[in-house]
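Listed below, chain by chain, are the residues.
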Amino acid sequence: MATEFKLVIAGETLCLLGDLAVYWPSRNRLMVADLHLGKADTFRRSGIGLPSGGTSHDLERLSYLLQKTAAAELWILGDMLHGPAPHDAGWRESWNAWRNQHAQVRIVAVAGNHDRALINAGLEIELAGASVEDGAFVLRHEPVQHPRLHVLCGHIHPLAVLPGIRRRWPAFWLRDGLTVLPAFSYFTAGVAPGLAAGDRLAACVEGDLVMLPHFKASGSRSRMA
Amino acid sequence: MKVDASKPKSIPHKPLVTWFKSRGWKPLPFQRRLWDRYLHGESGLLHTPTGSGKTLAAIGGALLEAASAGRGDTLPRSKPGNKVRNLQILWVTPLKALASDTVRALREPIEGLGLDWQVGLRTGDASARDKRLARAGKLDVLVTTPESLALLLSYPDTLPQLQALRCIVVDEWHELLGNKRGVLLQLALAQLRTMSPAVRIWGLSATLGNLDEARRVLLPHAPQSPLVSGVAPRAVKLETLLPQPGQRFPWAGHLGLAQLPGVLGKLMSVSTSLVFTNTRAQAELWFQALDSVWPEDRATLALHHGSLEPKLRAAAEAGLRDGSLRCVVATSSLDLGVDFPAVDQVLQVGSPKGVARLIQRAGRAKHRPGQAGHVVCVPSHVLELVEYAAVRRAVAKGDIEARRPPRLSLDVLAQHCVSRALSGGFDADALFAEVRGTHAFARLDAPTWAAVLDFIVQGGSALSHYPEFRKVERDDDGLYRVHDRRIALRHRLSIGTITSDSSVSVKFLRGGRLGSVEEAFVGRLRRGDRFRFAGRLLELVRLEDMTAYVRIAKSGEGMVPKWMGGRMPLSSELGREVEAVLGGDHAERELRAIAPLLALQARLSSLPASGSLLAEWASTRDGAHLFVFPFAGRQVHEGLASLIALRWGRLQANTFNFSANDYGFVLSPAAKATMDAATLLSLLSPEGLLDDLYASLNMGELARRQFREIARVAGLLPPSLPGRAPRSTRQLQASSGLLYDVLQRFDPDHLLLAQAAREVLTSQLELSRLADTLADCASRQLHLHAPATLTPLAFPLWAEGLRGQLSTEDWKTRVQRAATKLEKQHGH
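Going down the list, the sequences are from chains A and B.
Under the numbering used here, read the first sequence as residues 21 to 245, first letter to last.
Under the numbering used here, read the second sequence as residues 5 to 832, first letter to last.
Hints are not guaranteed to be accurate.
Said to hold, decoys possible - Mimicking DSS-like on lysine-lysine, the simulated pairs with C-alpha atoms at most 25 Å apart in a straight line are:
(1) 25(B) - 241(B)
(2) 511(B) - 558(B)
(3) 26(A) - 135(B)
(4) 816(B) - 88(A)
(5) 676(B) - 26(A)
(6) 241(B) - 370(B)
(7) 241(B) - 26(A)
(8) 315(B) - 135(B)
(9) 676(B) - 828(B)
Hints listed in this document are in silico derivations from the structure and should not be mistaken for laboratory results.
Owing to the predicted nature of the structure, the values given are computational and were not obtained by experimental measurement.
Could you put together the complete structure from these sequences and hints?
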């Protein structure tokens, strides 16, 4: 168990962080996926009363990571937003303050399926479109294999199921040619992916990473305590 | 229009008596008593078994009143051609399956008395035409369910038709008394009483352990109203289908298919039978098993459960009525309702679960005056034989369960308030006074009421300010209203989903609906997977818009969907009786049949007996387990298990899996632990119970689980109905567990979280019974055995698998342990 795990892909080193992010040292870049800014606001706007605080909490965790890694760039691999981004949205205030606080950080967002409102949202970030090739990697939202390059993506919100533990943990899903990041936002559900041969999960447990051996999680109701 | 309660004595029974005579009947004394009381303007509660003439008892007074008015009395009578009629009689039934039978039963005397009355129904199953009639005010008599009534009351245009209501009948009140559907109805009744103060309300109930309380809950405004007894319940004769000598009989399980030949023999010995099971999955499997060996025309065997399409259910009911069916496999969907005179025999597969329930089911067979009801019990595992012997004793003693009415269900109250805001708006003070007039909210205090209003107006506590939240708004005139059309639509869709989980409609490719299954089940299926539903083997073709399109599969095996809420606990009355039977002289037929098993239990450990508390500390391949058998019912055992886990974990940090059944509970420590009698005694101490329970609630998952229903009722989970997945709600999907975590983290004082904890403590764990049980355990002689293998009593608990977990370790330790274990099993 450690707070990070080094992964070498096509000669490039990536650090998976137990705090639900990836750090790419040679680019001095932090990457996260599925931020879902303003999710609770979307619920409230539809008459479902949920407390605010989730967005601020997610941003605080981002601040902590930027400070810890001293990254110059932050890339969001899709679903930066959850829903519409009206000008009176409560989360904008938190975002603007946060953006000012990290004014020197370059922030780039890859478009995700929830990001329809991102183009006109005016969040002071760069929009990179649906897919970006960068060195040995392709950065995109949805997990679609690339013929040559290794794909870094999000979208699925992978979770690790552990025998004998009801609670499920956000996880990195490590596949051949593809690495799926866990959802960064606290207020997200997810799925336990069906693992193919060679796949592994790295569970994020309160800031630490736990590498799990390959196993079939689905369907077994065994009594392992 | 006013009801004149001073005169009605002069209204004679003659028109009804004449109609009775024309059918060769005579009114029973209790029916006449009830008519008189009604005509005197009284409300009350009638308790009498199904099939004893309760419908005519309940409705007779209102019919006589109307017939008499029709002969020139002052009572205005609705005339044909009137644009809008005022509803005269409202009939509330808990099961939509009962509604059409009730309509039929009401029409006969109405037509017999020559009343120009339209009878209609409004339930989730009702046709579009019926729904239209009900809303448009073309009816004099309306048959409905609590949920459909709540929905009706949410439309401002229907309220005027309910202003002059004369009579409300609540059928099968015992089915509603102990749950939130009953609370929803209490609120609706309070509203109707405000609108027509003279309305007379009559409840109909089967025998209950707390009839007087049932009366007070239904009629909180009229504490003097009478409790009328109808006919005495029939005696019940209980026959057990014993396993053949030498037949291997399972220690655990819930199917009982080993008994198939015996059951088939019973079915062939009479012309029509009802086979009751405890769950829908069990019904599907038994139907399949019988179908595979059915010696006759397959059309004479049918299936009936609550998830089937109304058309399919109606066909089975019609077949029972006209005698064309030889056997229907059913769940509680056929527990209630008008009689099926053609039914000769009732079978019960698996545990009887409760005394009242078995009596009710036994009563579904043909009534021969003076003869006892008869039920054939089919055990699915060995210990159920003990339960049959126990239920026979309880029936003989008349030891019937009570159903406790819930209090302060704030989720239901929030739902009701939004409905009121929809139907023209409400004044907060007036509504506060009105809801405090119900039993459920009699103790509602002003701060809690303010918190409920904050929840629907502010979206949270008054301190948080969410300008974007819009649900209920307080207008300038001081009334609370809903203005947003989408909110209104979603709220109406969610009324009445109190008991149902998100479900997916099952449909043939070429049309033809079969019913619905839970989304969680279908979600696990892939295209081409086979499953059993509605008595057929189906193949999933595709899943879209909350509809599973299927075709008949050619051959092979299929999974059977499991529906939530199928795990009904044994009643505590029955649990105590089971312990007494086990500790008794074993003279019963059922107990003699399992003598070898009892001997094994006695040899490995010991038999439970009153005055002693049995516990076992045993090891299996998967670790050590502590079994304790207080026989206090599953709910109490679940509470005890998490309490003991917490206390044990305090002695030494550990993680415990636990499960409970009706006999006892098991704790399985993940890290090595020891156990001796002195330690166990200290863990079972009644001291500090409340504090420890609260602590174990938060650490365990009970409150999180309980939150599911609360979130749905209070409107935190947008409804997802079969065939509908509007784009607008896709962004609003979140599981109740996730919502619970988010609230827990960012608004820990939320009123619904507090309610989840309260519900777990009071209704789930039954705090007072838990305290009694601990005190009782302390007074008993503790016998802690260390058997070499699992005993017959322990095995079913062990086989139950993981039900709950409580840990005093940190997450990292637990995850690391699980990962290490995985490494060992699948390691590289």
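Cross-check of the supplied hints:
| no. | hint | verdict |
| --- | --- | --- |
| 1 | 25(B) - 241(B) | violated, 33 Å |
| 2 | 511(B) - 558(B) | holds, 17 Å |
| 3 | 26(A) - 135(B) | violated, 64 Å |
| 4 | 816(B) - 88(A) | holds, 22 Å |
| 5 | 676(B) - 26(A) | violated, 34 Å |
| 6 | 241(B) - 370(B) | holds, 14 Å |
| 7 | 241(B) - 26(A) | violated, 72 Å |
| 8 | 315(B) - 135(B) | holds, 17 Å |
| 9 | 676(B) - 828(B) | holds, 18 Å |
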